[in-house]
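Chemist: Letter by letter, the chains look like this.
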Amino acid sequence: MLLIPCPFCGEREEDEFVFGGDAKRERPTDPTSTSTEQWVDYVYNSNNTKGESLEWWWHAQGCTKWFRITRNTVTHAITPESDR
Amino acid sequence: MQRYSIFSLARNALTGHKNWQQVWRSPSPKKEYDVVIIGGGGHGLGAAWYLARDHGITNVAVVEKGWLGGGNTGRNTMTVRSNFLREASVPFHEKSLDLYHELAKDLNYNLMVSERGMITFIQSSAVNRVQMQMANTMHIYGAKYRMMGLDEVRRRVPIFDPPDDMRLPIHGAIHQPRASMVRHDAVAWGFARAADARGVDILQQTEVTGIARENGGVTGVQTNRGFIKAKKVAMAVAGHGSVVADMAGIRLPIVTQPLQAWVSEPIKPVLNEIIVIRSYHGTYLMQSDKGEIVIGQGADPYPSYAQRGTIPIIEDATAAVLEVFPSFERLKLLRHWAGMLDMTFDGSPIISKTDVKGFYVDVAGSGGFKTTPAAAKTFAHLIANDEPHVLTGELGLDRFHSGRLVPEGGVSANH
Amino acid sequence: MTRLQHGGSIDRDQPLEFTFNGKRYQGYAGDTLASALLANGVRLIGRSFKYHRPRGIVTAGGEETNALVQINGTADDPGFSEPNVRATTLKLTHGLDVSSVNCWPNPNLDVGAINSLLSPLLPAGFYYKTFMAGPWDRYAGAIRRAAGLGRVPKVPAKKRYERRYAHTDVLVIGAGPAGLRAALEAAKSGASVMLVDDQETPGGHLLDVKSGDGNHAAIQALAADPQTADLINYVPRTTATGYYDHNLVVAVQRQPDDAPWIYERLWHVRAREVILATGAVERPLVFVNNDRPGVMLASAARTYVNRYAVAPGQRAVFFTNNSSAYGAVFDLADAGITIGAVIDARPEPEQDLIAACRTRGISVYPNSVVIKATGKKQVAHATIASRSDLTRTRDEACDLLCMSGGWNPLVHLHSHSGAKPVYDERIAAFVPGESVQNERSVGACNGDFDFDTETFDIDALWEVGHNGTTGKAFVDYQNDVTTADIDLALRENFQSIEHVKRYTTAGMATDQGKMGNANVIGVVAQRLAQRPDDIGTTTYRPPFTPVSFGALGGADRGALILPTRNTPITPWNLEHGASMNEAGANFRRPFWFPNPGESDASAIARAAIAVRNGAGIYDATPLGKFELHGPDVPQLLNLLYTNRFDDLKVGHGRFGLMLREDGRLLDDGVTFRMEDHWLMTCGTGAASGVLMHIERLLQTELTHLKVYVVNVTSQWANICVCGPQSRAVLQSAGVDIDLSGDFKFMQMKSANVAGVAARVARVSYTGELSFEINARRRDALALWEALIAAGKPFDITPVGSETSAVLRIEKGFISAGTEGDNITNPFDAGLGWIVDMDKPDFIGKRTLMRDLEHDIPRQHVVGLLPEDPEFVVAEGSALLPREGSRDFQGHVTASCYSPTLDRPIALALLKNGKQRHGEEIVVSGLDRSIKAEVTKPVFYDPKGTRMRS
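Chains as they are written, first to last, in numbering that gives the first Met the number 0: chain L, 0 to 83; chain C, 0 to 414; chain P, 0 to 948.
If we strip away everything but chain L, and leave its shape as in the complex, we get (with noise of 0.2 Å):
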């Protein structure tokens, strides 16, 4: 059960957020003129990474803001955003 520093409401229980995503994956700025290989990779591929990741959360039953934190998927290590 994670502790997750919401930059709004301060450390709150793991039950309180949704992972929102990989935060380094960004959509193309103009989808139309991006090649089917790019949009696919896009859509569907991920970068999963294993070790220090940059993702999005949203603290749905909280402030419902979204924040970045740097989580460390093997041992869960959270450092917030603005720390780093």
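Because the hints were derived from the structure by calculation, they are not lab data. The structure displayed is predicted, hence computed values, not measured ones. Don't take each hint at face value.
What the hints assert, rightly or not - Listed next, the in silico DSS-like pairs over lysine-lysine satisfying Cα-Cα at most 27 Å (straight line):
1) P/22 x P/375
2) L/49 x C/352
3) P/128 x C/267
4) C/289 x C/267
5) C/352 x C/228
6) P/910 x P/942
7) P/157 x C/267
8) C/356 x C/228
9) P/930 x C/143
10) L/23 x P/705
11) C/289 x P/376
12) C/267 x P/158
13) C/143 x P/910
14) P/419 x L/49
15) P/705 x L/64
What the hints assert, rightly or not - Just a sample of chain L residues kept apart from chain C, beta carbon distances all over 10 Å, derived:
16) 23
17) 28
18) 29
19) 53
20) 60
21) 61
22) 62
23) 67
We put the beta carbon where it would ideally sit given N, CA and C, even for glycine.
Since the structure of chain L is already known, use the hints to place chains C and P on it.
Modeler: Just chains C and P now, with coordinates in the frame of chain L:
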């Protein structure tokens, strides 16, 4: 290969079991192999055996960074079943059940395939619809999946005792008689022994650190025991698919998630069937041959390579189990752990060529133990022929390019 | 009787009666079941898992693997039953009724003991090598019946459970001397401190040594100090069972004093820092027949003497490889137990210890070992040999053989936290390694032993060698794993410690290796000529000791298992006999309203006919509702939906289709433009996903857009009056706006309906003229009742979800949750008319472009008219070109009897379906296959004139 039987057991008993041979050798790596398979779990070892047996390719190494069967092969809940939705999935999973039933004889190793049958409780109309879709798709391919009334459930499972005012009442149940439990370690060990006997080199404590390529094709693998040349490299590393594929410059549509399981202390037999409650959470339980109640639930909601269990999922699933089996209240949780699920975008396996010539991937999707023999057999076919097996023609990576996905995510959130 | 005359912390004024295997005994308050049984001379407690060998009490704590019992009842709950309870930690209570596990009819005359004779055929992993002829289940039944330990109760216990959460600066686990000192120091620094301990009273191992000990008294004083009590939140009878991420420790408290109705309380403790002071447990020595009843850990014997005033034997032999056992020797001797001999494997034991023995008349044999215990159901002799010549033996009579193989620090919680224990040569045991989380280990669990002797000295002795004696030397008692099993595993090349464990099952019993793991590692290391460090430990998995299912899930009973959401209309629905069912997002809603004696199908059809011909009323409150504020809402909606919203006029609504980026259906719903904001509606079950989707876009990608979203699902009730008479119903209820004329389909107006301030919208999910009335939650029930009253002359009929489904199937309205199956794109669903591919961008557009590029077989939504007018095909049925074919063509997504058409109809996804209208296809169900005609997916009012009327 030293044959196993009740007679060989009796013979060896007379000599204090001092004459049993090694189950597999521990050779030094050769300089070059026709095929290097990365991952010494059920899928990788099975593929090696099928390569040797079905395709005559024996100059094969299976490299494993730890010990055989130490990944998800040794961490699952030993359940095999074929209740799936899609015409691209059902025959593949059904084949796996067929093979599981034959393997003990083929491998001369007892995998302890116990045909318990699986009872899935239907607790909402959306679940009913999906289960009926499964039943009908499976019916076409000859897989048995039938409705079961609660009276029959009570007859078969005397300890089933849900309250009258159950929060999610059980409307009915559906039964897959062929769903089974299989001794997970035995799958890895049985394949390893048989593959070794056919000349496959099993290299434990051998970690791949790089995949060498030239002109768009593989040439070998770098390992902690030196470079190993290979004409073909095949990856079957449940839980580390992205990490290994990345060494070949391949990105995969997978997210690694923890899949938890736990067991109770052993008790005398009370539960023959595999029971699925709240199927949209994927809570299921069964009793092992040893007497432990084995429980599992769907994947944790965020990616992790930690292989550790967490407490909320256990609390949640245990509450659901107690609702239906209130007499389990004084059973005790003995051990809990997590495996790693390389969850694919559509939940179905990927058994595929890649853009790198001679590099093949086998990713299990929503749980790989049940698919082990079919995946191993079809993966071996793919490696040997550079063409997919007829059962996995629709399970390649190209489906993400074309959009012809095989969604097996179960029930949508809209239950 | 073997109860000592004096001493112990039992209360001799409180005798307690209890029953073991049907026989009545007496113990005292303060006893455990084990101490009470020993006091009554009961040595044989049960039988082992595989060979059914006789077993007794080995330990005095939670690591016990032999003395397991089944509780058959207690005085306050005669029906209470619990399997696999350790006699060594079971507090004796009056009326306790227990029996042995895994033996029949009793441990003395156990039929299963025949396995012992078959044991040559049952080496480690024998089952992998045989039983391959025919299905495994042919053999498995017998094996399964033989396996297992206790029995599951026939009736549920009447216990109650609780979960509690705590946050503290410092959590100290273990109230032994080290833990107490740590807690006190931490408290003095001003930190909030929680101290959990699994015993009744603080003191740890000092409780087990002779009372009057100076250290003991000091600790007692410390624990009793009122100032200490104020500073420290001390929670006794509480076992920390797991150490999880971010310093979360889970602990089980048994029978808390503050809540006598609670049997077990599960704590979740978040601590800034965790101090592990969990102590160490003694390990057995490995020699032949080291499992005979009467073979006991030296420390356990000492505990029984000192704490419970029980003599576990009359004549004891000690076998040790370390200095710690001598304290037990002295205490037993001082309690009047004859010490036959002290066998010390060390070549040169400490002179002062030898001298102290000599003064008590005890002989010490250095450089010696016990190679075998003899006796059948009870140890009778210890066979002693010199380490330099194992063949020269002599027998020493004894009824108690105390062994000390060294001490294993309890590094389990440290290991759960993600850290790796390391081997410490000095104490021949694994100790905590580098911390991963904010924790540290102190005292014995850190390898800092605090025994009676100045220094701790040990000569690692993983097993006593062979001298040709036959017999089994156990490394794991409960699972009956012997050194020969380890030999076999290694011979067969199962050399990884994980392989040894899995192949032999050593360490997989109910103690999870607390007793045996160190010896297994030691034996493997010795055989492979490696250091224990190179072998490494297997991973310790939580929990530290087994935790009841009740403690884990028993607090979430009945209604607490899952929240239920109600609407303001729910009480009315219940009063009027609605058949309630799950409707998504934890809402329960009426599926149909049967009249007395009416069938479900008839009730569903009756309401549908009412809607088609007269008036129906439907509680649509669970639908998701979001207010969108800000100047950039049109831009957002243009991106969210496949169609345009920027040109929508105030007071108007539009149906929108929302996709995920993979081009598949996420939701559909109507969004209205109000004067100063927008109101979006969405499917009940989809609501949380839709909100997440919108918030994600706004907060992560489209941060330049000025939009604010509020979820108003619960603030606004939504009552839908539908059917050709709905206008008349509203007029009769009293409404202050003109409901015809310029109030067109897909418009929304503010109005006063039946005296309630509301918003009225003309939308339709039924295909009929419909008005959705949004009202404040608190006004909704009154409004509903007013509409029912006003609708009486029109026979207004309450409509449930099943009727609603019939109406939508008749109209061919797509449901994202059914026809949208993660393959279907909007074109497949016949919703191409709502996809504006000319818009520069919308979520999912690029993937739809991909779909259009690829000529792959697609499945389309179609209608089906089954040929049998009486047979409603089952949802989920498969579509085939002809009966018996395996050429799968699609499946039925929705099916019903249509009262309007008076025939069964269905919607389906069919390969290339758009081109196949008019074709005949086989609908293959589990019970029956029938032919059906493929049609357009709309059966009623295809032009939609009725809903626009």
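Chemist: Now tell me, hint by hint, if it's right for this structure.
Modeler: Results for each hint:
1. Among the hinted pairs, residue 22 of chain P with residue 375 of chain P is consistent with the structure: their alpha-carbon atoms are about 22 Å apart, no more than 27 Å.
2. A C-alpha spacing of about 24 Å is found between residue 49 of chain L and residue 352 of chain C, which places the hinted pair at or below 27 Å, so the restraint holds.
3. The straight-line distance between the Cα atoms of residue 128 of chain P and residue 267 of chain C is roughly 24 Å, inside the 27 Å bound, and the hint therefore holds.
4. The straight-line distance between the Cα atoms of residue 289 of chain C and residue 267 of chain C is roughly 9 Å, inside the 27 Å bound, and the hint therefore holds.
5. Of the pairs offered as hints, the one joining residue 352 of chain C and residue 228 of chain C holds, with about 19 Å between alpha carbons and a cut-off of 27 Å not exceeded.
6. Proposed proximity of residue 910 of chain P and residue 942 of chain P is supported: the alpha carbons are some 25 Å apart, at most 27 Å.
7. Between residue 157 of chain P and residue 267 of chain C the CA atoms are separated by roughly 22 Å; this keeps the pair inside 27 Å, and the hint holds.
8. Note on residue 356 of chain C and residue 228 of chain C: the hinted pairing holds, with a Cα-Cα distance of about 15 Å set against a maximum of 27 Å.
9. For the hint pairing residue 930 of chain P with residue 143 of chain C, the CA-to-CA distance comes to about 23 Å; that is within 27 Å, so the pair holds.
10. As the CA atoms of residue 23 of chain L and residue 705 of chain P are separated by approximately 24 Å, the hinted pair is consistent with the 27 Å bound.
11. Of the pairs offered as hints, the one joining residue 289 of chain C and residue 376 of chain P holds, with about 26 Å between alpha carbons and a cut-off of 27 Å not exceeded.
12. Between the alpha carbons of residue 267 of chain C and residue 158 of chain P the distance comes to roughly 23 Å, so the proposed pair stays at or under 27 Å and holds.
13. Restraint check for residue 143 of chain C and residue 910 of chain P: satisfied, since their Cα atoms lie roughly 24 Å apart, inside the 27 Å limit.
14. Restraint check for residue 419 of chain P and residue 49 of chain L: the C-alpha separation of about 20 Å stays at or below 27 Å, so the hint holds.
15. Pair hint residue 705 of chain P plus residue 64 of chain L holds up; C-alpha atoms about 15 Å apart against a cutoff of 27 Å.
16. Listed as a non-interface residue, residue 23 of chain L keeps its Cβ farther than 10 Å from every Cβ of chain C; the least gap is roughly 13 Å.
17. The non-interface label for residue 28 of chain L is consistent with chain C: the shortest C-beta to C-beta separation is roughly 20 Å, beyond 10 Å.
18. Separation of residue 29 of chain L from chain C is adequate, the least Cβ-Cβ distance of about 20 Å exceeding the 10 Å criterion.
19. Consistency note on residue 53 of chain L: stated as away from chain C, and its beta-carbon is indeed over 10 Å from all of that chain's, at 12 Å minimum.
20. Against chain C, the non-interface label of residue 60 of chain L holds: every CB pair exceeds 10 Å, the least being about 13 Å.
21. For residue 61 of chain L, the requirement that its beta carbon stay farther than 10 Å from each beta carbon of chain C is met, with the minimum near 16 Å.
22. Once the 10 Å rule is applied to beta carbons, residue 62 of chain L is consistent with being away from chain C; the minimum gap is 19 Å.
23. The non-interface label for residue 67 of chain L is consistent with chain C: the shortest C-beta to C-beta separation is roughly 14 Å, beyond 10 Å.
Violated hints are absent here; each numbered hint is respected by the structure.
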